[in-house]
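2 protein chains.
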Amino acid sequence: MKGRLAVVGLGPGALDQLPAAVATELAGADHLVGYRSYLDQVPAELAPGRREPYELGEERRRARRAAEAAAEGQRVALLSSGDPGIYGMAALAIEEAAGLGERGPEVAVFPGVTAATAAASLVGAPLAVDFACLSLSDLLVPWPELAARLEALCAADVALVLYNPASRARRRPWEWAVASLQRHRPQPTPVAAVRRAYRAGQSVRLADVGSMDELEVDMETVVIVGSSRTVRRGEWLVSLRDEAPP
Amino acid sequence: MKGRLAVVGLGPGALDQLPAAVATELAGADHLVGYRSYLDQVPAELAPGRREPYELGEERRRARRAAEAAAEGQRVALLSSGDPGIYGMAALAIEEAAGLGERGPEVAVFPGVTAATAAASLVGAPLAVDFACLSLSDLLVPWPELAARLEALCAADVALVLYNPASRARRRPWEWAVASLQRHRPQPTPVAAVRRAYRAGQSVRLADVGSMDELEVDMETVVIVGSSRTVRRGEWLVSLRDEAPP
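Taken in order, these protein sequences are the chains called A and B. Under our numbering, the first residue of the first sequence is numbered 1, with each subsequent residue one higher. Under our numbering, the first residue of the second sequence is numbered 1, with each subsequent residue one higher.
These are calculated hints, taken from the structure and not from any lab test. Glycine included, each C-beta is placed from N, C-alpha and C at the ideal position. Treat the hints with care, as some may be off.
Just a few of them, taken from the derived set where beta-carbon distance is under 7 angstroms, the chain A residues facing chain B [claimed, not checked]:
| hint | residue |
| --- | --- |
| 1 | 21 |
| 2 | 85 |
| 3 | 98 |
| 4 | 111 |
| 5 | 113 |
| 6 | 124 |
| 7 | 134 |
| 8 | 238 |
Assemble the whole structure, with the sequences as input and the hints as a guide.
So, in structure tokens, the structure goes:
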């Protein structure tokens, strides 16, 4: 009997941001596989299955183990944060399941609340017109390729959501992004840095393109940069379509 | 006493895609304001408050009415589909609440599952690297501005999610998008058209950039176009970072 590999996202962190379909899948899983700190976010009473925690950086091993366990007939939940299809585990899970050929389990990807919209909701509606999401981590993507995408998106007049803006060891992509945005967008364009959205220690800082180099950012921060359609209304950022009043 | 204006999204349509926080807010609302067909998606037993349905195209009236009712002290839920910050009601709600000045109610935006990730989950993980979302509706955005954004995003090497690709009366932006993508991206680049994700009549069609002009699309379709990192694995689309196997 074939099992099933469900790839689920935990959303921004608070359990009340989980879609009911994800909660049901977690409750029914025989076996939960994920990064240790994601597993720790889910109380055992909500997900009584056996748990197999992994450390950071073992993404492919996790995906392989989850696919193998599902191929053996178990109902497996592989955990991501946010939405599992956005910088999450869904792509690796599909690759590993496909790699098992005939033995490969059924895969189901469950959508969730991604960090971009979670962060946006805390500062208003900065993504209400068109927008792009870009991860500044160059761990798995060659820097020239990342730089080309970054330059193209900074130049395009869309709101921009920067995931993983910087780590302790990696500052260059962030510095490069700030410089590119300061070249391409008017200095008063609104910017928001949202850290730990919907989790303990949540913080929101507002800035603008001209001052964004002063923001402190890390791997728990999401940075939202407005377009020519984004305005500030008190503590809110709003991107407006044409019919909105000035 | 000031009320509260909660802007909530219903997700792609199935109620089990609602985050618990949204379900709780709907259950506790005194007054629900929204497009008639969104209100019809929520059974009265889950949201017993008074309902004020609006027809399509009355977005600003809806937002104003919701802000007024909240200013009068009610707990109001203003409904969008998807995530209310993505082409939804959040921006107008903030504008209208701000327009009431001192009388303006507290506003809370609740994140939800947006159409991009709902559609992506049904075809695998096409948005697992960087991506952009663009609405092809030129109803509220001048066409030259929309065309400039479209051209910039078709040229950038990111996955692209096209919302509102075409209506019966409006085909030009879609034809223009197809032509631009066929100029900028290799013809075998994977494309998916997802219609009515997580709703009755759901359909998924796979194509590629070379054949995407044959897709039938409408206002209920979301089109996902891959980047140079997107591959097809059987019936799945996957965007791969560097460490993934070829």
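Now the hints, each set against the structure:
1. 21: holds (4 angstroms)
2. 85: Interface hint status for residue 85(A): holds (5 angstroms vs cutoff 7 angstroms).
3. 98: holds (5 angstroms)
4. 111: Where the cut-off is 7 angstroms and the nearest Cβ of chain B is about 4 angstroms from residue 111(A), the hint holds.
5. 113: holds (5 angstroms)
6. 124: holds (5 angstroms)
7. 134: OK, holds: residue 134(A) within 7 angstroms of chain B, min 5 angstroms.
8. 238: Holds. Min distance 5 angstroms.
In summary, this structure violates none of the numbered hints.
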